[in-house]
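Protein chains in written order, with my numbering: chain A, 745 to 931; chain B, 745 to 931; chain C, 20 to 272.
Since the hints were made in silico from the structure, they are not lab data.
Just so you know, not all the hints are guaranteed correct.
Which chain A residues face chain B? A few, computed with CB under 7 Å, are given here [what the hints assert, rightly or not]:
{"#": "1", "residue": "R761"}
{"#": "2", "residue": "L766"}
{"#": "3", "residue": "A769"}
{"#": "4", "residue": "E772"}
{"#": "5", "residue": "P775"}
{"#": "6", "residue": "I776"}
{"#": "7", "residue": "Y800"}
{"#": "8", "residue": "V805"}
{"#": "9", "residue": "I806"}
{"#": "10", "residue": "T818"}
{"#": "11", "residue": "A825"}
{"#": "12", "residue": "V832"}
{"#": "13", "residue": "G906"}
{"#": "14", "residue": "L910"}
Ideal Cβ placement from N, Cα and C applies to all residues, glycine included.
What follows is the residue order along each chain.
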Amino acid sequence: MPPDDETETPVPEAALRLAEALLFASAEPVPIGHLQTALPDDVAARDVLAALAERYAGRGVIPVAVAGGYAFRTAPDLASALTRMVEVPRRLSRVAIETLAIIAWHQPCTRADVEDIRGAALSQSTLDALLDMGMVTPKGRREAPGRPTLWGTTPAFLSQFGLASLADLPRREDLLPGAGSLLPRPQ
Amino acid sequence: MPPDDETETPVPEAALRLAEALLFASAEPVPIGHLQTALPDDVAARDVLAALAERYAGRGVIPVAVAGGYAFRTAPDLASALTRMVEVPRRLSRVAIETLAIIAWHQPCTRADVEDIRGAALSQSTLDALLDMGMVTPKGRREAPGRPTLWGTTPAFLSQFGLASLADLPRREDLLPGAGSLLPRPQ
Amino acid sequence: MTADPTMTVRIDGYEGPLDLLLDLARAQKVDLAKLSIVALVDQYLLVVADAQALRLELAADWLVMAAWLAWLKSRLLVPDPDADEAALSPEALAGQLAERLAELERMRVATGWLNRQPQLGQEVWARGAPESFTVEYRTGLSADLPALLAAYGGVLRRLAAQRPYRPKPRRLWTVQDAVQRLGVLLGTMPSWAMLSRFLPEGLSDPVERRAATASTLIASLELARDGRLDLRQDRAFGPVMLKLLDNEAAHAA
Numbered sequence: 745m746p747p748d749d750e751t752e753t754p755v756p757e758a759a760l761r762l763a764e765a766l767l768f769a770s771a772e773p774v775p776i777g778h779l780q781t782a783l784p785d786d787v788a789a790r791d792v793l794a795a796l797a798e799r800y801a802g803r804g805v806i807p808v809a810v811a812g813g814y815a816f817r818t819a820p821d822l823a824s825a826l827t828r829m830v831e832v833p834r835r836l837s838r839v840a841i842e843t844l845a846i847i848a849w850h851q852p853c854t855r856a857d858v859e860d861i862r863g864a865a866l867s868q869s870t871l872d873a874l875l876d877m878g879m880v881t882p883k884g885r886r887e888a889p890g891r892p893t894l895w896g897t898t899p900a901f902l903s904q905f906g907l908a909s910l911a912d913l914p915r916r917e918d919l920l921p922g923a924g925s926l927l928p929r930p931q
Numbered sequence: 745m746p747p748d749d750e751t752e753t754p755v756p757e758a759a760l761r762l763a764e765a766l767l768f769a770s771a772e773p774v775p776i777g778h779l780q781t782a783l784p785d786d787v788a789a790r791d792v793l794a795a796l797a798e799r800y801a802g803r804g805v806i807p808v809a810v811a812g813g814y815a816f817r818t819a820p821d822l823a824s825a826l827t828r829m830v831e832v833p834r835r836l837s838r839v840a841i842e843t844l845a846i847i848a849w850h851q852p853c854t855r856a857d858v859e860d861i862r863g864a865a866l867s868q869s870t871l872d873a874l875l876d877m878g879m880v881t882p883k884g885r886r887e888a889p890g891r892p893t894l895w896g897t898t899p900a901f902l903s904q905f906g907l908a909s910l911a912d913l914p915r916r917e918d919l920l921p922g923a924g925s926l927l928p929r930p931q
Numbered sequence: 020m021t022a023d024p025t026m027t028v029r030i031d032g033y034e035g036p037l038d039l040l041l042d043l044a045r046a047q048k049v050d051l052a053k054l055s056i057v058a059l060v061d062q063y064l065l066v067v068a069d070a071q072a073l074r075l076e077l078a079a080d081w082l083v084m085a086a087w088l089a090w091l092k093s094r095l096l097v098p099d100p101d102a103d104e105a106a107l108s109p110e111a112l113a114g115q116l117a118e119r120l121a122e123l124e125r126m127r128v129a130t131g132w133l134n135r136q137p138q139l140g141q142e143v144w145a146r147g148a149p150e151s152f153t154v155e156y157r158t159g160l161s162a163d164l165p166a167l168l169a170a171y172g173g174v175l176r177r178l179a180a181q182r183p184y185r186p187k188p189r190r191l192w193t194v195q196d197a198v199q200r201l202g203v204l205l206g207t208m209p210s211w212a213m214l215s216r217f218l219p220e221g222l223s224d225p226v227e228r229r230a231a232t233a234s235t236l237i238a239s240l241e242l243a244r245d246g247r248l249d250l251r252q253d254r255a256f257g258p259v260m261l262k263l264l265d266n267e268a269a270h271a272a
């Protein structure tokens with residue numbers, strides 16, 4: 745959530761209620777622009793979201809910035825208690841998440857790129873699982889022999905992992921500290 | 745919501761958070777018994793729901809008792825503020841647009857004429873739909889056994905299809921050379 | 020050479036040569052940047068040899084990697100004095116291998132990072148029963164004139180396909196008709212006149228017009244044979260000219 749301004753203007757309760765209802769009603773993240781259109785002109789959506797975050801701090805459901813918008817999500821620490829109570833879809837397989845990670849950090853990239861990095865063939869069922877869940881989508885073709893399809897991640901990917909944008913992913917260089925300048929050591 | 749007991753025992757915050765998250769995440773209303781299984785034995789689901797109702801009193805979303813259990817719902821007074829009207833242009837079915845075309849080129853004509861030209865029965869609902877949309881209108885009756893209704897197009901039809909007058913409709917012969925001799929002429 | 024003889028690694032459970040190599044590299048417990056490629060090669064070859072001793076069916080890529088690693092090791096230990104300048108040095112190739120392993124390791128770390136994120140539907144949940152405040156009101160039609168024309172064209176084509184073909188009756192101008200018309204008209208034209216002047220009137224259909232032209236030409240040829248008219252065509256494909264021959268003139272000729 746955006747930080748409060750130095751000069752806090754009290755957010756009208758009516759605006760807070762409206763934002764609360766709007767974010768609650770939607771399963772998908774609500775873009776801030778959409779929220780702003782529902783609010784009176786003299787109330788900034790940003791301020792309302794900040795006030796909302798404050799009000800829900802420590803509660804069972806909290807507003808979070810995700811996939812370019814804002815949405816209510818259950819608090820992560822309730823995971824184990826809720827898992828027993830609500831229906832939980834199947835988790836992505838290890839290979840699927842590894843493939844997703846490679847696509848996320850190397851996008852847009854081809855299936856051959858993924859296979860090259862993993863050093864193993866990528867089964868169609870893995871790609872199909874990611875496609876079915878809407879985690880990846882074609883992003884054009886590479887201008888190379890065979891014009892292979894390029895893949896990239898979707899807003900659903902951001903939503904799945906609770907990311908506001910791709911900028912929330914750690915930088916590739918930071919994933920493996922110390923390996924930045926690899927020197928061959930034959931002996 | 746159930747009324748508070750006379751003897752109020754403070755509901756633990758953890759129970760309140762869990763109930764809040766469970767009602768939020770469930771696709772179906774949560775039966776009170778189901779909520780109880782998620783709570784410690786010494787905490788009554790009824791008390792938790794009462795405390796939750798109190799906490800959300802006057803807010804944008806409120807826990808309500810609905811058929812089968814409890815669920816969050818948008819505060820009724822906010823519904824109108826949140827409602828967005830989306831215009832969805834209606835698509836005409838293939839049968840409807842064919843019927844409309846036949847009436848346009850052959851008006852005034854009867855339902856039997858349309859059936860004869862299309863070579864298939866015409867349901868009343870198709871004709872009703874065109875009537876509802878204001879595309880066709882009765883144009884008297886044919887002086888023939890049964891005095892069937894004659895149909896013609898309306899000014900709304902002309903404006904829908906951007907025609908100044910019916911004379912702007914392309915000639916049959918321009919649509920399919922030799923078509924003139926194919927058509928059964930009523931009478 | 021430096022392979023730990025106590026280390027036993029089984030080939031099954033690895034997704035490919037690179038997966039195994041990365042695991043072996045990790046086992047060196049050094050920064051990947053300080054990786055000993057030669058030690059890595061030895062360990063890999065040992066594992067592959069073990070697998071072959073166990074008569075495990077090895078996919079080709081395991082053996083290709085083994086052969087390439089053995090070659091790389093020999094080049095690293097005994098540099099080729101006649102090495103091609105253009106070719107990559109063994110050190111550069113070893114560096115590329117180390118970089119590939121580092122990238123795989125980075126992606127493994129990335130996978131771990133993603134796995135630690137609270138996943139939607141696994142650790143955190145969205146509203147289970149979202150409420151929609153979008154009201155669709157249906158006004159207007161998405162149909163336009165092309166759609167209407169296409170629909171009517173479709174009806175007409177279906178109709179054409181269903182009905183037996185009845186050719187349009189033709190009004191064909193017979194030679195007899197033409198002889199008769201020539202006889203009437205020639206009397207009114209004392210001088211040369213074009214053949215087209217003798218065609219019946221109101222012929223818009225090109226087929227009927229061509230038929231009438233042919234009939235009139237044949238009729239004029241017959242009349243010319245009988246000595247009743249004179250025919251002339253000044254050039255190929257030029258207009259055919261007709262003139263009545265009166266009996267006296269015919270005698271004179």
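Hint check results:
Contact between A/R761 and chain B, as hinted, is supported at the beta carbon level, the nearest pair being about 4 Å apart and thus within 7 Å. Evaluation of the A/L766 hint against chain B yields a held restraint, the C-beta minimum of about 6 Å falling below 7 Å. The interface hint given for A/A769 is met, as the beta carbon of that residue sits about 6 Å from the closest beta carbon of chain B, less than 7 Å. The criterion of a C-beta within 7 Å of any C-beta in chain B is not met by A/E772, whose closest approach is roughly 14 Å, and the hint is violated.
A hinted interface residue such as A/P775 counts as satisfied when its beta carbon comes closer than 7 Å to some beta carbon of chain B; here the least separation is about 13 Å, so the hint is violated. A cut of 7 Å between beta carbons decides the hint on A/I776: the least distance to chain B is about 16 Å, and the hint is violated. The beta carbon of A/Y800 comes no nearer than 10 Å to any beta carbon in chain B, farther than 7 Å, and the hint placing it at the interface is violated. Hint status for A/V805 relative to chain B: holds, with the closest Cβ pair at about 5 Å, below 7 Å.
With a cut of 7 Å, the hint placing A/I806 at the interface with chain B is violated, because the nearest CB-to-CB distance is about 10 Å. Below 7 Å, beta-carbon pairs count as interface contacts, and A/T818 has one with chain B at about 4 Å; its hint therefore holds. Annotation: interface hint on A/A825 holds; nearest CB of chain B at approximately 6 Å, less than 7 Å. The interface hint given for A/V832 is violated, since its Cβ lies 10 Å from the closest Cβ of chain B, which is over the 7 Å cut-off.
With its C-beta approaching chain B no nearer than about 15 Å, A/G906 sits outside the 7 Å limit, and its interface hint is violated. Below 7 Å, beta-carbon pairs count as interface contacts, and A/L910 has none with chain B, the closest being about 26 Å; its hint is therefore violated.
In this structure, the hints that do not hold are numbers 4, 5, 6, 7, 9, 12, 13 and 14, in rising order.
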